[in-house]
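Enquirer: We have chain A already, so just place chain B on it with the hints.
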Amino acid sequence: MLKAVGRNVPRKEGRDKVSGTSRYIDDLSFPGLLHARTIRSTIPAGAIADISFPFDTNGFTIVDFNDIPGRNIVALIDDDQPCLAERAIRHVAEPILILAHEDRDRLRTADVRIAYRGGTPNYDPSASPLCFKSIAIDKGDLDAGMAAADEIIEGEYRVGAQEQLYIEPNGVIAVPADDGQGVTVYGSMQCPYYVHRALTVLLGFPDERVRVVQTETGGGFGGKEEYPSMIAGHAALAALKARRPVKLVYDRGEDMLATTKRHPGVIRHRTGVTRDGRLTAMDIDVLLDGGAYATLSAVVLSRGVLHASGPYRCDHVRIRGRVMMTNTPPNGAFRGFGAPQTQFAVEVHMERMAEQLGLDPVKLRDRNALRPGDTTATGQTLGADCSAREVLREAVKRTDFARRRKALAGTNRGIGLSLFFHGSGFTGSGEVKLASKASLALTDAGVRVLVGSTEIGQGTRTMLAQIVADTLGVPYDTVEVNAADTSEVPDSGPTVASRTCMVVGRILQRCAEDMRARLGRLSPRDYVKRHGPLVITKQYEKPPEIVWDEVLYQGDAYGSYGWACDVVEVEVDPATWQVNPVKLTSVHEIGKAIHPRLAVGQIQGGTAQGLGWALLEEVVMRDGRMANNSFTNYIVPTTLDTPDMEIVLLERPYRHGPFGAKGVGEMPIDGPAPAVINALRHAGYDLREIPATPERVMACGSR
Amino acid sequence: MRFTLNGRTVRIDAHPMMRLLDALREQCGLTGTKEGCGEGECGACTVLVDRRPVNSCLVPLAHVSGARVTTIEGLRGRHPLQQAFVDFGGAQCGICTPGMILAAIALGPKPSREAVRTGLAGNICRCTGYHAIYESVERAGKNARVRR
Numbered sequence: 001m002l003k004a005v006g007r008n009v010p011r012k013e014g015r016d017k018v019s020g021t022s023r024y025i026d027d028l029s030f031p032g033l034l035h036a037r038t039i040r041s042t043i044p045a046g047a048i049a050d051i052s053f054p055f056d057t058n059g060f061t062i063v064d065f066n067d068i069p070g071r072n073i074v075a076l077i078d079d080d081q082p083c084l085a086e087r088a089i090r091h092v093a094e095p096i097l098i099l100a101h102e103d104r105d106r107l108r109t110a111d112v113r114i115a116y117r118g119g120t121p122n123y124d125p126s127a128s129p130l131c132f133k134s135i136a137i138d139k140g141d142l143d144a145g146m147a148a149a150d151e152i153i154e155g156e157y158r159v160g161a162q163e164q165l166y167i168e169p170n171g172v173i174a175v176p177a178d179d180g181q182g183v184t185v186y187g188s189m190q191c192p193y194y195v196h197r198a199l200t201v202l203l204g205f206p207d208e209r210v211r212v213v214q215t216e217t218g219g220g221f222g223g224k225e226e227y228p229s230m231i232a233g234h235a236a237l238a239a240l241k242a243r244r245p246v247k248l249v250y251d252r253g254e255d256m257l258a259t260t261k262r263h264p265g266v267i268r269h270r271t272g273v274t275r276d277g278r279l280t281a282m283d284i285d286v287l288l289d290g291g292a293y294a295t296l297s298a299v300v301l302s303r304g305v306l307h308a309s310g311p312y313r314c315d316h317v318r319i320r321g322r323v324m325m326t327n328t329p330p331n332g333a334f335r336g337f338g339a340p341q342t343q344f345a346v347e348v349h350m351e352r353m354a355e356q357l358g359l360d361p362v363k364l365r366d367r368n369a370l371r372p373g374d375t376t377a378t379g380q381t382l383g384a385d386c387s388a389r390e391v392l393r394e395a396v397k398r399t400d401f402a403r404r405r406k407a408l409a410g411t412n413r414g415i416g417l418s419l420f421f422h423g424s425g426f427t428g429s430g431e432v433k434l435a436s437k438a439s440l441a442l443t444d445a446g447v448r449v450l451v452g453s454t455e456i457g458q459g460t461r462t463m464l465a466q467i468v469a470d471t472l473g474v475p476y477d478t479v480e481v482n483a484a485d486t487s488e489v490p491d492s493g494p495t496v497a498s499r500t501c502m503v504v505g506r507i508l509q510r511c512a513e514d515m516r517a518r519l520g521r522l523s524p525r526d527y528v529k530r531h532g533p534l535v536i537t538k539q540y541e542k543p544p545e546i547v548w549d550e551v552l553y554q555g556d557a558y559g560s561y562g563w564a565c566d567v568v569e570v571e572v573d574p575a576t577w578q579v580n581p582v583k584l585t586s587v588h589e590i591g592k593a594i595h596p597r598l599a600v601g602q603i604q605g606g607t608a609q610g611l612g613w614a615l616l617e618e619v620v621m622r623d624g625r626m627a628n629n630s631f632t633n634y635i636v637p638t639t640l641d642t643p644d645m646e647i648v649l650l651e652r653p654y655r656h657g658p659f660g661a662k663g664v665g666e667m668p669i670d671g672p673a674p675a676v677i678n679a680l681r682h683a684g685y686d687l688r689e690i691p692a693t694p695e696r697v698m699a700c701g702s703r
Numbered sequence: 001m002r003f004t005l006n007g008r009t010v011r012i013d014a015h016p017m018m019r020l021l022d023a024l025r026e027q028c029g030l031t032g033t034k035e036g037c038g039e040g041e042c043g044a045c046t047v048l049v050d051r052r053p054v055n056s057c058l059v060p061l062a063h064v065s066g067a068r069v070t071t072i073e074g075l076r077g078r079h080p081l082q083q084a085f086v087d088f089g090g091a092q093c094g095i096c097t098p099g100m101i102l103a104a105i106a107l108g109p110k111p112s113r114e115a116v117r118t119g120l121a122g123n124i125c126r127c128t129g130y131h132a133i134y135e136s137v138e139r140a141g142k143n144a145r146v147r148r
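Residue numbers (the numbering used here), protein chains in the order written: chain A, 1 to 703; chain B, 1 to 148.
Okay, chain A solo, but in the shape it has when bound (with noise of 0.2 Å):
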């Protein structure tokens, strides 16, 4: 019997965060502390042609590029982003200079002077000579597909960028090892196994010289997957070169300025269908800003194109996709990652087929779901666990939607919905590529996790607790989970892409069913006094039916996918063409909710977040400079903005998921876009691009 999967158990943590003894990066301080600050460029493109600094320097620590000792890059994917700029300039707020001050004030006001000659910048995608990746999917006979269509429609959607807004900045403290052959680094991150190696070629220290902790973290989404290699990096030098700890933490300005934001793109449709709505072919080309560097860019464009044929069946699809550079920061991971952008097309091209054709957009879209046996883009023959009908018929039926969309119609008001789904880990070989290992160690009192997967929020801690407690038959409470601490954990892979659950926890599993066998009868005290300690290790399998192909892109793209289907309804102000969602329900199935709360609140955040990205947030670039990087400027959902919620959770289990389990984290934004977006065309409004901010709305209502 569970006694803690399916049951809403206290979150680890939970008494800390409400107590406020939790303890974030900002919240740490170490003897001889300097703080430290990041002198960026200010141009978008050139050069650096001269550097002065016209202060008293006494008492400064002043870090460039000469003081790197190993690679001066931020290693990740492509080597060619470098931690500090040595002389060319890509984007406004690249790194050129780490300060550090004991004294804020003067750090602050110290007033260091750069001379650039100035190049000349792109911000179109569409115009860059420099793609960072680009990938094509085939399936079946594009023409042939084309050829039995009674009709070819066309599209062409846009979204926009969108940053995290996790509540808390990135923000590191470097503390250099005595004899300066080593460093620590505290901090608010996702991923400690990628700020690790960052900091390994960084520094040119051995592995076991570099030891990386993640702080209590407010919020990542995204934005601290990457980015904190990039601070943690700039910390380390700092402290390495004045032989002191060192914390770098940004204000919400900067952070907002210079950290990754989602990718903007612009997705065109063109599909074949019948007159009685079968799609016969699809045919999608996909074009993201990557901004100045690669950062994850050919990952973030993988998700995307495969999720952009959307939860349909088709046997005649081409997908082609680029992911191109630009003279703007560079983009990077959002929850989602690639998928919002791509599925916000679809969805809202199908509404509008929908319409051309005059048929029922549920009908339209119930005909074309995928099934269990169909096939995707990539030719993946998905299991029993593919959801995308039940998904849909339970939304509809939920909101009464086909009388809620008659009542409506002629009103002020409009009603809409997205059927989506959502890759879990990693795309196509990536799990196997990653090898996570994951640990259970014997306690006296229980079990210890041991795994470099990260709270961030969402519950990781408590969730792999659950699933340990019962696979192992221990009680929750016994089961500790280690900090998220280099030297102690192994590298179970990034806290990213809806994987922590399925797969490490399924790592974890194995952990526990193995340790379970050991114990036999004993009690872990009994074991431990009797046989010592016991710690059990496992590493990532992949199911044997998992085959990918990474060059053609064909096969099995992800072990399993969630399946979701949102219904909005929305209101647009008559005298200020502001849209307010007023009632959203989710339909979510993701195989098992291990914690049903946490994965509610996974769904009512992520969902939260999508609307903002539908109807609110808008990153206003102005020569390649973010122009509105403020709390008051950049607005995301209050209270206010947001709607009533209904979040339903179904259940079809992933044999290989623990308990069943699928990923949660980032399906939920996915869906609320094309969802307000096919609302709005109910009400009247034929929008295609996102934010549907009330200039845009306007300017459609008034044509």
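Please note that the accuracy of each hint is not assured.
[To be verified] Every beta carbon over 10 Å from chain B, so not counted as near; a handful from chain A, in silico: (1) 69; (2) 103; (3) 110; (4) 150; (5) 153; (6) 206; (7) 358; (8) 402; (9) 519; (10) 645.
[Claimed, not checked] As a list, the in silico BS3-like pairs of lysine-lysine whose alpha-carbon atoms are at most 30 Å apart: (11) 406/A with 583/A; (12) 583/A with 110/B; (13) 583/A with 142/B; (14) 3/A with 529/A; (15) 142/B with 3/A; (16) 363/A with 406/A; (17) 538/A with 3/A.
[Unchecked claim] Here are some of the chain A residues that sit facing chain B, going by a computed Cβ distance under 7 Å: (18) 20; (19) 219; (20) 251; (21) 632.
Hint data in this document are derived by calculation from the structure and do not stem from the laboratory. Backbone N, C-alpha and C fix where the C-beta goes; we use that ideal spot for every residue, glycine too.
Expert: Frame of chain A; chain B shown alone:
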């Protein structure tokens, strides 16, 4: 500068224009009050001054002279809202939580949903979509004795 902090009189020698937020975190060592934006928009730094919620990043220290200031630490982990935020999912990443709880205390013991929605509009949470926060506040309200 003298004021009452969490029920005890404190005296701080600092510039009168120092932000209350910095005084609390650095002079008093109470780091439960968080900085999210530094411009009074996010509410993470909310504390109570004479029972009213304020953004401590906007309040100069001089302003609280003689006043009663309550931070999250002042609740000593015993306020019903604190347990409710654990039980009902009101805290995810936790960075907005201290400010959110203090803002919720200022709503009184049994606020209506509309009062909660309006009263917490100045406290931004990026994790929860707010529903779990409403539930936490409403469930706590059932047996809350308002302590300030």
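Enquirer: None of the hints should be skipped; say for each whether it holds.
Expert: Each hint tested on the structure:
Non-interface status of residue 69/A relative to chain B is upheld: no Cβ of that chain comes within 10 Å, the nearest being about 33 Å off. For residue 103/A, the shortest C-beta to C-beta distance to chain B comes to about 13 Å, beyond the 10 Å cut-off, and the non-interface label holds. The Cβ of residue 110/A sits about 20 Å from the closest Cβ of chain B, beyond the 10 Å cut-off, so the non-interface label holds. Non-interface call for residue 150/A relative to chain B: holds, since the shortest CB-CB distance, roughly 42 Å, exceeds 10 Å.
With a cut of 10 Å on Cβ distances, residue 153/A stays outside the contact zone with chain B, its closest approach being about 34 Å. With a minimum CB-CB distance of about 33 Å to chain B, residue 206/A clears the 10 Å threshold, and the non-interface call stands. A cut-off of 10 Å between C-beta atoms confirms that residue 358/A is not in contact with chain B; the least separation is 36 Å. Non-interface call for residue 402/A relative to chain B: holds, since the shortest CB-CB distance, roughly 27 Å, exceeds 10 Å.
Listed as a non-interface residue, residue 519/A keeps its Cβ farther than 10 Å from every Cβ of chain B; the least gap is roughly 31 Å. Its closest Cβ contact with chain B, about 6 Å, brings residue 645/A to no more than 10 Å, contrary to its assignment away from the interface. At most 30 Å may separate the alpha-carbon atoms for a hinted pair to count; residue 406/A and residue 583/A meet this at roughly 17 Å. Distance hint between residue 583/A and residue 110/B is fulfilled; the C-alpha atoms sit about 24 Å from each other, no more than 30 Å.
The hinted pair formed by residue 583/A and residue 142/B meets the criterion: a straight-line CA distance of about 27 Å does not exceed 30 Å. Taking the CA atoms of residue 3/A and residue 529/A, the gap is about 26 Å. The hint holds against a cut of 30 Å. Under the criterion of a C-alpha separation no larger than 30 Å, the hint pairing residue 142/B with residue 3/A is consistent with the structure, at around 28 Å. For the suggested pair residue 363/A and residue 406/A, the alpha carbons sit about 15 Å apart, so the restraint of at most 30 Å is met.
Under the criterion of a C-alpha separation no larger than 30 Å, the hint pairing residue 538/A with residue 3/A is consistent with the structure, at around 24 Å. For residue 20/A, the interface hint holds, the least distance from its beta-carbon to any beta-carbon of chain B being 2 Å, beneath 7 Å. Of the supplied interface hints, the one on residue 219/A holds, with its beta-carbon coming within about 4 Å of a beta-carbon of chain B, less than 7 Å. Interface restraint check for residue 251/A: the shortest CB-CB distance to chain B comes to about 6 Å, inside 7 Å, so the restraint holds.
The interface hint given for residue 632/A holds, since its Cβ lies 5 Å from the closest Cβ of chain B, which is under the 7 Å cut-off.
When the structure is compared with the earlier hints, a violation turns up for hint 10 alone.
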